[in-house]
Amino acid sequence: AQSVTQLDSQVPVFEEAPVELRCNYSSSVSVYLFWYVQYPNQGLQLLLKYLSGSTLVKGINGFEAEFNKSQTSFHLRKPSVHISDTAEYFCAVSDHNTDKLIFGTGTRLQVFP
Amino acid sequence: DAGVIQSPRHEVTEMGQEVTLRCKPISGHNSLFWYRQTMMRGLELLIYFNNNVPIDDSGMPEDRFSAKMPNASFSTLKIQPSEPRDSAVYFCASSLQGTQETQYFGPGTRLLVL
Numbered sequence: 329a330q331s332v333t334q335l336d337s338q339v340p341v342f343e344e345a346p347v348e349l350r351c352n353y354s355s356s357v358s359v360y361l362f363w364y365v366q367y368p369n370q371g372l373q374l375l376l377k378y379l380s381g382s383t384l385v386k387g388i389n390g391f392e393a394e395f396n397k398s399q400t401s402f403h404l405r406k407p408s409v410h411i412s413d414t415a416e417y418f419c420a421v422s423d424h425n426t427d428k429l430i431f432g433t434g435t436r437l438q439v440f441p
Numbered sequence: 052d053a054g055v056i057q058s059p060r061h062e063v064t065e066m067g068q069e070v071t072l073r074c075k076p077i078s079g080h081n082s083l084f085w086y087r088q089t090m091m092r093g094l095e096l097l098i099y100f101n102n103n104v105p106i107d108d109s110g111m112p113e114d115r116f117s118a119k120m121p122n123a124s125f126s127t128l129k130i131q132p133s134e135p136r137d138s139a140v141y142f143c144a145s146s147l148q149g150t151q152e153t154q155y156f157g158p159g160t161r162l163l164v165l
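Protein chains in written order, with the numbering used here: chain P, 329 to 441; chain R, 52 to 165.
The reader is advised that the hints may include incorrect statements.
[Unchecked claim] Now the in silico label distances, taken between C-beta atoms and shown as ranges:
(1) P/381 <-> R/73: 21 to 31 Å
(2) R/59 <-> P/383: 20 to 30 Å
(3) P/386 <-> R/149: 37 to 47 Å
(4) R/131 <-> P/441: 40 to 50 Å
(5) R/127 <-> P/345: 44 to 54 Å
(6) R/73 <-> P/373: 13 to 23 Å
(7) R/150 <-> P/441: 18 to 28 Å
(8) P/368 <-> R/59: 16 to 26 Å
(9) P/426 <-> R/115: 49 to 59 Å
Calculated from the structure, these hints are not laboratory results. As the structure is a computational prediction, the values presented were derived from the model and not from experiment. Ideal Cβ placement from N, Cα and C applies to all residues, glycine included.
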């Protein structure tokens, strides 16, 4: 069975600083990997996803993530954050046999001026 | 497209009452998912449908919960009878069928059971 671990429940950072949100997964089969963002009082929306090919994936709002198979990680990065990036970020994994997504517990990114 | 539509957006009810949550998926999507989000348990998949057929309901907490999808454009999640521990935000999401497809989430229904 697949599982996802988001190591940080909260990440405080100042505006214009770089940020990395960590995600590790566990799976015995090939997986697809996703990052979703949830702004306050809204549903989740896709930031980016890794299906195959280049291990560096670029998403919306200047975010990117790198798939590292040997370390079973899919960390999310942004070189310079804005106040508007304050939100909850969820890493998720699916396998090739179901349509289910397994979500991590989320990381709350708080950007301070 | 209007996106995934959920109603009501907020629901306050008393313990023991029946609650029905509604979802209209994005037109053309053939997979539909119901999730529950709480502080304690995070985001949990309750049930999902492919082509209106329930595929996996292993996340449904107990018999008090039921979900239906009578056609491609409508789904309901019913709780009967409701209990205070059912208080949560319930999300509906839809996608094209396939593990690589993006799920599009609705705005959620915030349920409070007193």
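Structure-based check of all given hints:
1. About 39 Å separates the C-beta atoms of residue 381 of chain P and residue 73 of chain R, a value inconsistent with the hinted range of 21 to 31 Å.
2. The given range of 20 to 30 Å is broken by residue 59 of chain R and residue 383 of chain P, whose C-beta atoms sit roughly 43 Å from each other.
3. At about 22 Å, the CB distance of residue 386 of chain P to residue 149 of chain R disagrees with the hint of 37 to 47 Å.
4. Taking the beta carbon of each, residue 131 of chain R and residue 441 of chain P are about 47 Å apart, inside 40 to 50 Å as hinted.
5. A C-beta distance of roughly 45 Å is found between residue 127 of chain R and residue 345 of chain P, which places it inside the suggested range of 44 to 54 Å.
6. Range check, residue 73 of chain R to residue 373 of chain P: about 21 Å between beta-carbon atoms, so the 13 to 23 Å window is met.
7. Our hint of 18 to 28 Å for residue 150 of chain R and residue 441 of chain P is violated, since their Cβ atoms are close to 40 Å apart.
8. Separation of residue 368 of chain P from residue 59 of chain R is about 19 Å and conforms to the stated range, judged on CB atoms against 16 to 26 Å.
9. One distance hint, 49 to 59 Å for the beta-carbon pair residue 426 of chain P and residue 115 of chain R, is violated here, with the actual separation near 25 Å.
Going down the numbered hints, you'll see the structure goes against 1, 2, 3, 7 and 9, while the others check out.
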